[in-house]
Amino acid sequence: MTARILCVEDNPQNMRLVRKILKRGGYTVLEAENGLSGVQIAEDERPDLILMDVNLPDIDGLEATKRIKAQSALHHIPIIALTANAMYGDEERCLAAGCDYYISKPFDKDQLLDMVTRFLTSKRESNSG
Numbered sequence: 002m003t004a005r006i007l008c009v010e011d012n013p014q015n016m017r018l019v020r021k022i023l024k025r026g027g028y029t030v031l032e033a034e035n036g037l038s039g040v041q042i043a044e045d046e047r048p049d050l051i052l053m054d055v056n057l058p059d060i061d062g063l064e065a066t067k068r069i070k071a072q073s074a075l076h077h078i079p080i081i082a083l084t085a086n087a088m089y090g091d092e093e094r095c096l097a098a099g100c101d102y103y104i105s106k107p108f109d110k111d112q113l114l115d116m117v118t119r120f121l122t123s124k125r126e127s128n129s130g
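Residue numbers 2 to 130, in the numbering used here, belong to the letters of the sequence shown in order.
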C-alpha cells in the first residue's frame, strides 16, 4: 500500500515542488493550504506522515501540530516541519510544538525524500514489532 503524506503548505510553488518530489518517490499526496484545513484533513484521512509549513495564514504550523498531536488517534503520525525559519531557536520551537523533525527551506529534494523514507520505515517497524 502506498504511503499517504499530507503536505500543509500555503505557497503554491512550494506545494507543487513537494508534490512533484513525493509523487516521484511513489507516495500519495494529500494537500492543505492552511493550518485549520491541515488539522481537518489529518483527522479525516489519518495520513502516514505530515509535512507542515510553519508560516501559515490562519493558525501557524506549530499550533496545527499541537492540535494534531493532542488527539490520541493522531499523535503517532510523524510531523516534519518545513520552514523558512532558520534562526537560532526555530528548530527547538518546532520540536517543542510536537514536530518530529525540522527541515529548513530551501531544502534538497534528496534530503526530503530520505527523511520521509526514514520516518515511514521506522513507523512501519514500530507498528509491526
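Mixed in with the good hints there might be a few duds.
Below, computed lysine to aspartate or glutamate pairings styled on EDC-like, alpha-carbon distance capped at 16 Å [said to hold, decoys possible]:
| id | residue 1 | residue 2 |
| --- | --- | --- |
| 1 | Lys21 | Glu32 |
| 2 | Lys106 | Asp11 |
| 3 | Lys70 | Glu34 |
Honestly, the hints are just simulated from the structure, not real lab data.
Since we're looking at a predicted model, the values are computed, not measured.
For each hint, the structure was consulted:
1. For the proposed pair Lys21 and Glu32, the alpha carbon gap of about 12 Å is at most 16 Å, so the pair holds.
2. Distance hint between Lys106 and Asp11 is fulfilled; the C-alpha atoms sit about 14 Å from each other, no more than 16 Å.
3. Our distance criterion of 16 Å between C-alpha atoms is broken by Lys70 and Glu34, whose separation comes to about 19 Å.
The earlier numbered hint that this structure contradicts is number 3, and it is the only one.
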